[in-house]
Structure formats: C-alpha cells, structure tokens
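There are 2 protein chains.
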Amino acid sequence: MGGDLAPQAPVAACLLALAELDSAHTIQLIGRVDDVAAELDAQLRAAPAIPPGIRDRITIIHAPDVVEMSEKPTAAIRSKPNSSMVVGLKRHATGQADAFVSAGNTGAQMAASVFLLKLHAGLTRPAIAAVFPTARNPVVVLDAGANVDCSAEELVQFARLGAVYADDILGRTNPSVGLLSIGEEAEKGNAAVKEAHKLLEASDLNFAGNCEGRDILAGGSTRGPVDVVVCDGFVGNVLLKFYESVPGMIMAMMTRGGVPEEVLAKIFQGFDYSDYGGAPLLGVKGVSIISHGSSSPRAIKNAIGVALRAVERRMVEHIGRRLEHTAMSRT
Amino acid sequence: MGGDLAPQAPVAACLLALAELDSAHTIQLIGRVDDVAAELDAQLRAAPAIPPGIRDRITIIHAPDVVEMSEKPTAAIRSKPNSSMVVGLKRHATGQADAFVSAGNTGAQMAASVFLLKLHAGLTRPAIAAVFPTARNPVVVLDAGANVDCSAEELVQFARLGAVYADDILGRTNPSVGLLSIGEEAEKGNAAVKEAHKLLEASDLNFAGNCEGRDILAGGSTRGPVDVVVCDGFVGNVLLKFYESVPGMIMAMMTRGGVPEEVLAKIFQGFDYSDYGGAPLLGVKGVSIISHGSSSPRAIKNAIGVALRAVERRMVEHIGRRLEHTAMSRT
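Residue numbers (the working numbering), protein chains in the order written: chain A, 1 to 331; chain B, 1001 to 1331.
Hints listed in this document are in silico derivations from the structure and should not be mistaken for laboratory results. Only true hints are included.
Below, simulated BS3-like cross-link-like pairs (lysine-lysine); rule was C-alpha separation at most 27 Å, straight line:
(1) A/K241 <-> B/K1194
(2) B/K1194 <-> A/K194
(3) A/K198 <-> B/K1072
(4) B/K1198 <-> A/K72
(5) B/K1266 <-> A/K266
Part of the chain B face toward chain A, derived, beta carbon under 8 Å:
(6) A1191
(7) V1235
(8) F1242
(9) V1246
(10) V1263
(11) I1267
Note that beta-carbon positions come from the ideal geometry of N, C-alpha and C, so glycine has one too.
Work out the full structure, taking the sequences as your base and the hints as a guide.
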C-alpha cells in the first residue's frame, strides 16, 4: 500500500517480476486485501496474455492500516501495528518472507526495519546505499539519507557496509572506498570527516583516501578507482536527489537543441534511477529495499531484483561476518 | 602568480578583458615583475593585432613571493607578506585597486581577504557564492567551500549575503532564498539546518522554505522559484565540484552516442563554469573574486567581469547596508 502510486504500481511490478523470475519465486502483496485483490484482478483481466501460473505465485496478506507518506515514522510504526509496513517487515523478521520491498514512507521503513529486523552487533545506525550511474561503472554512495549529523565511527561503519554491498551486489572484488570531502588532503573536511579519514587509514578496508565532488562520476580519486563513496546522510541525500534531477534537465536541453529522442534514450540507457530500482537499507539483519515514493512498476520490479540478489548472495550474512571480524580483530 | 597556469593565463585574461572593457578601466598585474613583464611582452608580440593602447592600461606591481597551491593558508599569508596574494589584496584594501581577482590558493585568498579587507560588522565568516547554471535562470549556491561545520546563524548570514549578490549581480529583485535540506518539511535536516529554518522564517528575507537536491536545477521548491540556495560549505563544495564534473561526462556519452560536437557545444553554451569565471568571497569589505586554480584565460576574464559588476553595482556597500539594517531591526 506504500508509495504515491499504490496499489497500482506495486501490483504491476509484482506481475512484471514474476514473469521474469523462475517459478520457484513467489511474492506476497501486503495491504488491504479487498483493494489489492481488486487491483490484481483488474490488471490480470487487462492483460490476458499473462500466464495463469503467475497468479498462483502471488499471496495477498491482509494489512488493514496504511502508513501515510507524511506521517512521523516512529509514531506511525507504534500506532499502526497492522499497517502493510509493519505486517510485511514482521513476516520477513519471522522467516515467512526472505526480503521486503516498499515504496512507502522511507522514515517509517527505516524505523520499522531497525525495530523488527534489528541492527547487526556493533552498529549504531543503518545506512541507505544508493547506486550512482557513471559513464563507466556505477558507484555506491552511502549514506544516502538514513542519518544526519554522523560521527566518524558511523562513517567507518558505512564504509564497511558499502564494501560488502559493492562486492555482493555489484561484483567488485576488494572494493575500494573513498571518503567524500572538500579536498584530497587528509586535513580537509569537516570534523567528522577528518576523524573518519584517520580511522579509515588505520582500518582493514581498501581505503582510497578522500574523494571530492568531481571524483564521484569520474569513478576515482587521485589514488585510483573508487567503488564506494562514504558520506553522511545529509550530503548523500542532497547529492542523490541533485543527480537524479540532472538527466531530466539534460534531456530537455538536448531535445530543445534538436537531438532526436530515440538517440537520447539510447545514450541515457542505464542512467534512469529506475534501472536500480531500490536502495537497500544496510545494517539491519534482513533485506529491506527502499524505493522512491513515485516509483514506476519498472522501478519496483528492479527493486525486487535487488532484493533477490541480496538474498542469493547472502549479503546480510556477509555483513554480519565482516562486522564480527572487525570486532574480533580489535580485541 | 596564482593558479596552475600562471602567469600565462592571468596575463592572457588581462589582455582579453581590456579589449572588451572601455578605456577607463586599467589592470594591475601583481607578481614577479621580470616573469610577468616577459610573459606580457611575449603575448603582445604573438598577437600584433592588439592595439598599443592596451599595454598602457596595464601596470605591473612587483611581488617577489608566491603562495603555492599546496601551502597552509594562514601560515603562508603570515610568512609571505610580499606574495602576489598579500600585495594585491593590500592594494585593494588601501584603495589603490577597486577589486582583486586571483586563481591562486583559495584558502590563502580567503584568509588574506578577511585579514586585510576585514569582515562586515555582524559576520563571523565570509562565504563563497557559486553560480549554478540551470536550464532556466542560474541559481546562486552558497557557501561553496569557505566554511565547514556551520552554525544556524552562519547559514542565515549566507542567506543575506546571497540575496544581495543575486540582486546586484544577477539582477533579481527581492530574490527568494531556499535552505538546502533533505525534505521540504521544516523538521527535516541536520541540527544546524533545522535551527536555520526557524531563523529564516522569522527573518525579513524572502524565504522560500527548504530546497531538496532536486530543486536546485529546477530553480524552485514547492513554495515557488528560488534564486539563492543556502548550505554549509562542505555540502556546497561537494555539490559544486560534482556539478562541474557533469558536463564532461555527458559530453563524452553524447559524443560516443553519435551526437555531433558542434551540436553539443551549442546546447551546452552557458554550462561551462568558465562563463561565470569567478566566485566572489562575500562578507569582506571589498571585492575579492576567487577563480579555479585551473582557470582558462576566458574564465579569468569573466572573473574580472564579475569583479567589475560588483564594483559598479556597489555590492559591498549594499551588503553592509543590509547587515546594518538587520542589526538595527533586532535592537
């Protein structure tokens, strides 16, 4: 029921995903059963080509309440235990689902994920990992909005989480981590960043030093390529939303400049955020994928793909192991 | 002598600027007199079409020392009173020059500007104002790197400085100010931003509420158009450098996608940072324009143009009056 386009977009995404996934995979749609069933029936009726087997892989789980997009996260979670957000995450927490995807209230999803799935030992906060497409390989930027006013230790935690994500989901071996700052020198940055620089230098991570704003799309700092860029959630969220607004502006300029739309569409393939679909909330002991409120069916379908990869690659287990290893090597 | 391409680029910029400006305007080149004179002679010899009157409008002021790009700002300023940076700013401070432009060490320029030109009463820090080109009107973003870890009061000061800049230099009447945050609601943001939101609401500024990352290029928030975007210097610097890296990446993608270069050049007109040339250091009692270390002659020429406009529009006087007015209305 979450997001600006529910239940239409999630239901359509579910049908798209199941058509692509092999028959072992099933989806549970969580929400007001009458609304969801009516939407599902309508979409199936409108697309008679969808094989009947698809419907059998969908279960509708009733959740009478809805967390609205504007509600205060913690209050909403407490006052609405029967919301699709809480019911869905609870099913994941109790092993009745392998992953959870939502385009609903991001703050509520974070709060409920931490509350129900719990954080890995050693972590104080979860982080949202966003994938930034570049002209070469995409780069993982985190935190993209789960935290503001981060400590140096939290920035280092984000580095560990991002490294596992880059390895498991993007297939980067021994991923290198850059620290976002305003100069390449160790003494440049705000207080938290300067302290984090020291901690990262001393860590077992493949630290590539400071990254400046211009290094993100270049995919590397002066020290070499970068797979993961670490920053606090204020900076990361501003950057992510800024970057998401660039293609639209460029497309408009190009179209006005006479470049044909089909040429543009081809060039910008891979530059649409809906290609990545969802940003995982890293640090919780489960797979909780956050999609934009305005996500299209295609974006949510791709978010389901991210969830599936995270499960198949055992990302959560790897994060736990990495954090445990770090804790042990400290003692 | 400042910048990666000195003295070639500043000397070439000087010749470009004087050819465009009317004959009342003169330029003082500050630096090692032998090096600068040799460079100037060489450039004049190589371009015999330059009218001889141009040379008469150039004075070379000897400054034997150079602040290197990697030097620590405050130490460099103290230990090199005869550097081109200090000598040039001193001439401006003592009324022997109306404005100062440099592509040298930014930190040193800031430190020397504050030290020699002094801050307006009521300010604790200066701010760098960067102009972000958009598909419509450019937007002023500040602070773009003079400050990290800003207080709420400093963010409000940036708003006042940016409003005068947008009015005087970009010709916006009663410019509207947005506060960069991670959500449009007043309670979204980090501690300093949340507090600044309250102060801005209560101020006499034309406050447009919070801006998200996506609102900058759109030139407006949900409350309406935005001329000035306020943020701390860490966020602003990351964003500025990130944005400056976008055209290069897009151009490369487009060229690879078969879009002819001349079409691109036309579309991207106005998107080159060298069109804006220099970012003024606002808050000091003088005109101190900061150019990129790697500035081309064209970029520095445009920085000279920004300096000229600031002088002609009496920007510094307007900033002083605006801050005084604010101080008075508080008592």
